[in-house]
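Student: Model the full structure from these sequences, guided by the hints.
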Amino acid sequence: MNSDGMDILLAEDSQDDVDLALHTLRREKLANNIFVARDGEEALDFIFCRGAFAQRSFEHPPKLVLLDLKLPKVNGMEVLKQVKSDPRTKVIPVVIMTSSKEERDLVASYHLGANSYIQKPVDFDQFRETVKTIGLYWLVINQPPIVESFQHLAGPAHD
Amino acid sequence: MNDRCDPRLVQRCRALASASAVFAVLVGVLGLAGWKLHIATLDTWVAAPIKIVPNAAACLILLGVSLWLQRESKEDNQSSAWNSARIRKLAAKTAAVIVCLMGLLSLAEHVCGCDLGIDRWLAAVPAAEAIPGVQPGLMAVIAALDFLALGAALLLLDWKTRRGHWPAQFLAFGAALGAVFGLFALVLQPRASGITMALPAAVTFFVLACGLVCSRPTWAIGGLLTSQNAGARLLRSAVPAALLILGLIGWSVSKAMLTEAHFTWVEASLLAILCGTILVAFLTWIAFIVDRSDVLNAELERRVAERTAALQSEVAERTSAQAALKESLATSEAALKELADQKFALDQHAIVATTDVQGTITYVNDKFCAISQYSREGLIGQNHRILNSGHHPKEFFQQMYHTIANGKVWRGEIKNRAKDGSIYWVDATIVPFLGADGKPWQYVAIRTDITERKLAEAEIRQLNDELEQRVAERTTQLEAANHELEAFSYSVSHDLRAPLRHIGGFSQLLVEEFGATLAPGARHYLDRIQAGTQKMGVLVDELLHLARVGRHALKRQTTKLNELVAEVVAMLQPESEGRQVEWAISDLPAVECDPVLARQVFQNLLSNALKFTRPRAQAVIKVSCREEDGQPVFMVRDNGIGFNMKYVDKLFGVFQRLHRAEDFEGTGIGLATVQRIVHKHGGQVWAEGEPDQGATFYFTLGVGKQAQSKKNGATAGGRL
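Going down the list, the sequences are from chains A and B. Note that my numbering gives residue 102 to position 102 of the first sequence, counting from 1, and the numbers run on in steps of one. Note that my numbering gives residue 28 to position 28 of the second sequence, counting from 1, and the numbers run on in steps of one.
Among the hints, a few may not be true.
[Stated by the list, open to error] Only part of the chain B face toward chain A is listed, based on derived beta-carbon distances under 7 Å: (1) A498; (2) L500; (3) H545; (4) A547; (5) S607.
[To be verified] Derived pair list, reagent style DSS-like, types lysine-lysine, alpha-carbon separation capped at 25 Å: (6) A/K132 x A/K70; (7) A/K101 x B/K555; (8) A/K101 x B/K535; (9) A/K73 x A/K84; (10) B/K394 x B/K439; (11) B/K394 x B/K408; (12) A/K101 x B/K680; (13) B/K36 x B/K89; (14) B/K439 x B/K367.
[Stated by the list, open to error] Under 10 Å between C-beta atoms, here's a sample of chain A residues computed to sit facing chain B: (15) K70; (16) V91; (17) D125; (18) R128.
What the hints contain is simulated information worked out from the structure, not anything from laboratory work. Virtual Cβ for every residue (Gly too), placed ideally from N, Cα, C.
Tutor: So, in C-alpha cells, the structure goes:
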C-alpha cells in the first residue's frame, strides 16, 4: 500500500467519528489524502514506516496527525509520546481531538509536545466548524517544517 | 570524823599507844625484878621512900598486855602471834578484868583494914618497908582507883553509848587525873602514906591513860587529836605547852610554899615577869595559831565562794542547757508528730513498702496487704520478687535496680501478681534512703493502684485499633469508590458524549442531505432528536462539572469578591442583552476561599437570578454581605418569579426543578453544585422566597472574623 504523500493521518477507533470527520474534511475540500488508522499500533506503524507501511518513507510524513486519545492497543498518549520523542517524527504537527476535557489529559498532552488540544463538541455544527478550522489552519495557513532539514537527525539505527 | 583525820597523826597515835603498852610492861617487869633482886632504884626511880608494890607492878604488866592486844593496826584482823582475833580479845579482856579485881580487892583492904593475902604472894615485902598504917605490899588508894579505872577502860574500850559517848575515855581521863594527883602528892608530901603512890606507878598511869586515848585515834578525843581542824590543831599545839607551863608554875609555887623560904623582891618580880612573859608568849602563840586558822578559814571561804559561784554559773548553764534541751525536745516531738501525721496521710492514699538493699521486704502498710492479698507476716522477710507477674522483661528490673542502687529515684508502672494470681497495676515511685556513706541502706516504695486506668487504657487502645482498622477499611472503600467515580466520570465524559455527537451529527446530515425528500413530519422528528441531543450534551457537561467540584482540592487564598463578581457579571452580559437589568452590588470583603469555586457559586447564582427575572420589565439583582456570628453572610437577591417555600428542600437537590422546562431552561444541577462548593468550604447555603416576589440566596464560606480582610468594615456599602 502506497501511503506516501498523505496529507492527514486520522487516528480514530470510532467509525462514526471517522465518517463525520471525513465528511466534513471532504466537504470543505481540505484534504484529498487522508489515512485513517483505527488503533494506536497502526498509527505508529504508519508514522514510523514499519510493518504494513514499511515501504513508506520518512521523507513523506503526514502534514497533520489528528489523534484521539482513547485508542485500542496503544493509547493516544503513548502514540504522542513516541512521535514527539523521536527526532525523525517530532516535527509532525499532532492535534489531539478527543471527547475528554480532563485536565490531566490536557496537561499531559501538552507536556508530551502536542501542538494543539481540541475537545470534540457534541453539537454537530460546532464540530464541523472546529474540524474545518483545524484543517484550514494546519494545512493552509500554517507553514509546515521543511522535512528534509530534519532528516539528518535521524539515527541510522532506525532504518 | 574519820575523813577529817590526818592519816600521819593517826599512825603516830597508834605507835604512841603501842609504845605506852610496852612502857607499862617494861615498868612492871622492872618493878618486879627490883623486888626479887632487891634493887630499890628499879621500884622508886628516884631517891624516894615509896616503892611500887609487886602486885601493882604485875597489874601494870597486865594493863600493858591488854592494851597491846587491843591496839589498832593496819593489819587489823590479821593473825600475828596468836592467829585468832577472838582469842586475843578474850585474853585482853581477861587481863583487864584481873586488874579491875585487883583494884577492887585493894580498895576493900584499905576500907576494912583486913589482909586478903593478895599483896605479898608475888614477892615478899618486909614490914620495915611497909608504909606506916598500911599493911606491907598493899598498893595506895589512888593506885587502886587508877587500876580500877584503867582496867574498866580497857574492858569497855570499844563500847560506845547510844548518844555517842565513849566511857573508856572518861575512865582514862579520870586515871590521868589520879596520876597527876599522885605526882603532886610525891612532890608535896614525899613521905609515904596510904594515899601516895610510887613515881613509876604515877608516870605509867599517865602514860597508859594517854596510850589508851591514842589507841583509838579516830574516836572522840582521839579523833580530836588527829583531826586537821583548827580546834584540833590548837589542842595539839597548846595542850603540851599548857601542861608544861602549869607544871612549872605549880612546881615553883608549891616548892616555894613548902620550903617556906622567903623570896627577895627581885626573885618575886623575876618570877612574876617570867610567869607573865611565858603566859603572854603562850597567848600570842595561840593567837597566832587561831589567826592562821582564820586566814585559812578566810581562804577556805573565798574558795568556797568561788566554787559556789562556779557551781552557780554551772547550774545556770545547766539550767539554760536544760531549757534548750527541753525546747529542742519539744521541737523534736512536734517534728515527730508531723512525721507521724504525714505517714498516716501517706498510708491513707498509697501502697507503701520498704525493703532492704537486697529487696527483702521490711515493712508493708495495710493497703499493700489488701491489694497483694498476702498477710503482713507472709510478706515481711520475703523478697519483693514474689509479686513479679512476669510481664516485664529482665532489663526492666535491671534498669530499676541500677537507678535506685545509684541513689536515684525511680518511677514507673509495674504489673504485679497478687496471691490468688490476679493481676494488678501500680504506679510506683521508689526512693532510696541514703546512709552517711551516700549509699542506700533501704528503699521505700510508694505505689498507687492504677489497675482500672490500665484496663481503661487497654480498652481505649483496643477501641482505637478497631476504629483505626475501620477507618482504614472505610478509607480503602472510599478510595475505591472515588476511583470508580473518576473512572465513571472519565467514561461519561468520553464515552457518553461520543454517541450523542454521532446522533446529532448524523441526524443533521440526514436533514442536510436528504431534507428535500423527507416528509415534513420526519423532519420535525429529526429536529426533536437534535434538540434532545443538545440537551443531553449540556446535562452530561454539568454532571461532570458537579463531579469535578467534588474531587477538586480546596485551595484557599485571599480573594477580592468584588472583582470576582464583576467578572461574572461581565461574562453574563450576553444573556442580559436587550433586557433592563439593574445590578446592585455592595462592597464585598476579600475572604479566604478557593477563587475558582467561589466564582462558580456566583456564576450559578447570578445566572439563575438573571434567568428567573426574565419576565420582569426591570430586573433587579442585588449582591451584598452582612455579618452574622462573626462571619460574613453573602446574599444574592432578585425580583424574579420566586418560589414557594414548601419546596425549599428540593431547591438544592440534583435534577430537582421547581419550574417547567418550557418556561425556564435548566438541568437542576446548578444549585446542587453551589451547595457542594459551599459545603466544601465548611459553609452553609439557604434560600428564602415567595412566588412572584423574588428569591434570596444566602451562603457563607466557612471563614471566621480573623480570616476576613480589613476591608470588611465597608460591607454595608451602597448599591452600585
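Student: Now tell me if each hint is right for this structure.
Tutor: For each hint, the structure was consulted:
1. A498: holds (5 Å)
2. L500: holds (5 Å)
3. H545: Given a least distance of 10 Å, the restraint on B/H545 is violated.
4. A547: Given a least distance of 11 Å, the restraint on B/A547 is violated.
5. S607: Check failed: Cβ of B/S607 comes no nearer than 20 Å to chain A, outside 7 Å.
6. A/K132 x A/K70: holds (22 Å)
7. A/K101 x B/K555: With a Cα-Cα distance of about 21 Å, the restraint between A/K101 and B/K555 holds, given a limit of 25 Å.
8. A/K101 x B/K535: holds (18 Å)
9. A/K73 x A/K84: holds (19 Å)
10. B/K394 x B/K439: Measuring from Cα to Cα gives roughly 24 Å; hence the hint holds.
11. B/K394 x B/K408: With Cα atoms ~20 Å apart, B/K394 and B/K408 stay inside 25 Å; holds.
12. A/K101 x B/K680: Within the cut-off at roughly 23 Å; holds.
13. B/K36 x B/K89: Roughly 31 Å separates the two Cα atoms, so the pair is violated.
14. B/K439 x B/K367: violated (29 Å)
15. K70: Holds. Min distance 6 Å.
16. V91: It is violated, given that the least Cβ distance between A/V91 and chain B is near 29 Å, above 10 Å.
17. D125: At 7 Å from the nearest chain B Cβ, A/D125 passes the 10 Å test, so the hint holds.
18. R128: Holds. Min distance 8 Å.
Hint compliance for this structure: hints 3, 4, 5, 13, 14, 16 are not met, and every other hint is.
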